[in-house]
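Participant: These are the residues of each chain, in order.
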Amino acid sequence: MEILLQQIINGLVLGSMYALIALGYTMVYGIIQLINFAHGEVLMIGALTSWSCIGMMQSAMPWAPGWLVLLLATIIACIVAAALNFTIEKVAYRPLRNASRLAPLITALGMSILLQTLAMIIWKPNYKPYPTLLPATPFELGGAVITSTQILILGVTAISLAILSWLVGYTNLGRAMRATAENPRVAALMGVKPDMVISATFIIGAILAAIAGIMYASNYGTAQHTMGFLPGLKAFTAAVFGGIGNLAGAVVGGILLGLIEAIGSGYIGTLTGGILGSNYADIFAFIVLIIILTLRPSGLFGERVADRA
Amino acid sequence: MANVWPTAPEDLTMKQKNLAKWIIGAIALLVLPLILQYFGNAWVRIADLALLYVMLALGLNIVVGYAGLLDLGYVAFYAVGAYLFALLASPHLADTFASFAAMFPNGLHFSMWLVIPLALVLAATTGVILGVPVLKLRGDYLAIVTLGFGEIIRIFMNNLDHPINITNGPKGLGQIDSVHIFGFNFGKNQELFGIAINSVSMYYYLFLALVLVTVLVCYRLQDSRIGRAWMAIREDEIAAKAMGINTRNMKLLAFGMGASFGGVSGVMFASFQGFVSPESFSLMESVMIVAMVVLGGIGHIPGVILGAVLLSALPEVLRYVAGPLQAMTDGRLDSAILRQLLIALAMIIVMLIRPRGLWPAPDHGKSLEQKT
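These protein sequence lines are chains A and B, in that order. Residues in the first sequence are numbered consecutively from 1, following this note's numbering. Residues in the second sequence are numbered consecutively from 1, following this note's numbering.
Just so you know, these hints were derived from the structure itself, not from any lab. One or more of the hints may lead you astray.
[Said to hold, decoys possible] Ranges between beta-carbon positions, derived for each pair:
id : chain 1 : residue 1 : chain 2 : residue 2 : range
1  : A       : Leu173    : B       : Leu32     : 24 to 30 Å
2  : A       : Asn126    : B       : Arg354    : 55 to 61 Å
3  : B       : Asp334    : A       : Lys90     : 26 to 32 Å
[Said to hold, decoys possible] Only some residues are given here: those of chain B computed to face chain A with a beta carbon under 10 Å:
id : residue
4  : Ala28
5  : Leu70
6  : Leu137
7  : Met284
8  : Val287
9  : Gln340
10 : Leu341
11 : Arg356
Computed from a predicted structure; not experimentally measured. For every residue, glycine included, the Cβ atom is placed at its ideal position computed from N, Cα and C.
Take the sequences, apply the hints, and build the full model.
Facilitator: Quick look at the structure:
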């Protein structure tokens with residue numbers, strides 16, 4: 001029972017990170033129908049920027065408490081990631097707005113490789129230990145353990161989701177975003193500026209990704225230039241899982257994927273009598289995805305979307 | 001322009017010019033390795049690998065270019081072919097299983113004539129198996145499922161060394177036989193008519209022959225009933241269905257055909273390298289093949305070939321140029337990094353300047369009637 005509870009906690013933590021990243025994919029997809037393959041790299045840049053900031057701040061102002069350093073580093077990382085994603089959209093996706101769907105897909109892939117390479121040049125390819133800035137003593141919870149970092153991750157995810165749903169549901173920007181996702185041409189006729197909406201979407205997505213990246217790095221204690229790839233892939237899976245283009249679907253998809261992965265990797269050894277180890281955990285996500293999509297071809301909450309590659 | 005009844009002499013000269021172009025091209029392709037091997041075998045190897053990528057890109061072009069199904073896990077079929085040959089023509093199985101060693105004391109050494117059809121069938125079957133559950137999916141959903149499928153295959157290759165050692169895990173399989181055809185060993189240096197020909201050059205000719213077969217098959221497919229059905233599905237699936245095309249079978253056929261090309265290339269890759277490991281079949285590899293197809297000109301055979309050659313050979317050539325640059329930046333910008341940087345920039349810049357690819361299909365999006 002303790003194992004189950006523990007894996008549920010781990011799964012929720014993992015899932016909430018996936019959910020934050022998946023939102024970035026799904027918002028962009030909802031509006032311009034592009035799989036933003038560089039999204040995972042924005043997460044990585046956010047995490048590495050915060051790592052550098054933390055290092056600088058710790059030597060410049062050693063008196064500052066851990067939470068303040070983390071907060072400042074997060075803010076700076078979010079600004080950097082937002083500026084980066086804004087630029088990427090302007091340079092690599094906007095000129096291809098009217099091209100075939102595959103052209104921006106290739107520039108997105110190119111961007112992803114480019115960012116990884118640049119990060120490797122700037123930060124060197126080695127693994128960087130990500131400092132623990134919060135009290136490290138774990139809390140007991142019915143036999144399972146939860147760290148303060150994990151509690152913070154769950155809290156920050158909840159707050160981010162609340163802010164985002166307010167932003168999308170109750171502000172002018174949100175209304176413009178929903179209108180553009182529904183029908184860009186009609187939205188433009190109604191006085192919405194599609195370019196501005198798309199830029200805003202990329203900025204919001206980048207902020208969520210940077211937050212998720214910092215969480216990811218502090219949860220696992222390392223940061224590196226390839227760290228964006230796997231969470232990016234999983235989050236994209238989560239977005240498709242929930243029905244790409246659907247915000248609530250991305251959150252549910254992310255959390256479900258995290259739970260499936262954690263519970264799966266916790267039990268796969270005992271279920272198969274030790275034949276399959278936890279190194280098969282990554283398979284779960286994809287197998288579940290294939291099953292779900294076979295049953296529901298447009299995801300859990302997805303509507304029918306435009307087709308073809 | 002093209003007259004149905006060519007009578008004028010201009011047409012003849014056009015034909016002669018074309019013929020001359022073909023002959024020059026053929027001679028250039030034939031002597032290329034002999035010139036390259038003069039500069040060192042590394043250069044011939046680059047040409048060999050470029051030819052393998054041409055085969056892969058043409059195979060993927062059937063799925064993505066003709067049928068319009070975005071497949072991000074294509075490398076899985078390459079892996080299926082490579083691992084099939086690695087298991088059938090290396091001492092691994094005999095070394096691992098005592099019973100196996102008892103049955104085949106000399107180890108398994110399958111003939112190419114058996115392996116190639118086997119790889120073709122196995123890869124095609126894998127392709128169809130992948131196709132069946134994802135038939136209903138479209139566009140990006142299909143992309144993510146194929147991507148997941150590729151990852152699943154890779155994870156299995158990486159972990160199937162326990163409890164039964166089949167793939168030898170991340171260490172990979174080595175000592176794979178080189179190609180023997182009609183008792184002719186491609187793995188040894190030969191002397192033909194007084195010219196020394198290295199093993200890598202021999203492989204070049206083998207791969208070139210296979211590429212030519214592939215190109216021929218692709219051209220025949222493109223203009224066949226099947227090819228037109230694929231393109232109809234790509235342009236408008238519902239209309240294609242209404243016209244009486246069995247979209248389900250056609251899509252499965254596209255998956256199967258594309259995959260079989262990948263499988264055969266995989267066999268060639270395994271025997272050429274003599275070693276396979278999961279590292280060669282990462283998602284990045286699939287992505288590169290998609291990039292080759294799109295960068296060159298999706299659905300257009302010369303374009304796809306151009307894309308494959310550019311993206312596979314150019315970075316390797318750049319590796320040699322990168323040395324001085326590495327010294328200039330005191331080791332920060334080494335050749336591998338520079339290579340990645342240039343590939344990434346090429347992908348972005350080419351797409352921005354020519355969104356339809358470097359050498360796009362001339363008839364893309366037009367009705368088929370205008371073609372003839």
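Participant: None of the hints should be skipped; say for each whether it holds.
Facilitator: Comparing the hints with the structure gives:
| no. | hint | in the structure |
| --- | --- | --- |
| 1 | Leu173(A) to Leu32(B): 24 to 30 Å | violated (58 Å) |
| 2 | Asn126(A) to Arg354(B): 55 to 61 Å | violated (38 Å) |
| 3 | Asp334(B) to Lys90(A): 26 to 32 Å | holds (31 Å) |
| 4 | Ala28 | violated (30 Å) |
| 5 | Leu70 | holds (3 Å) |
| 6 | Leu137 | holds (5 Å) |
| 7 | Met284 | holds (8 Å) |
| 8 | Val287 | holds (6 Å) |
| 9 | Gln340 | holds (5 Å) |
| 10 | Leu341 | holds (5 Å) |
| 11 | Arg356 | holds (7 Å) |
The structure is inconsistent with the numbered hints 1, 2, 4, although it conforms to all the rest.
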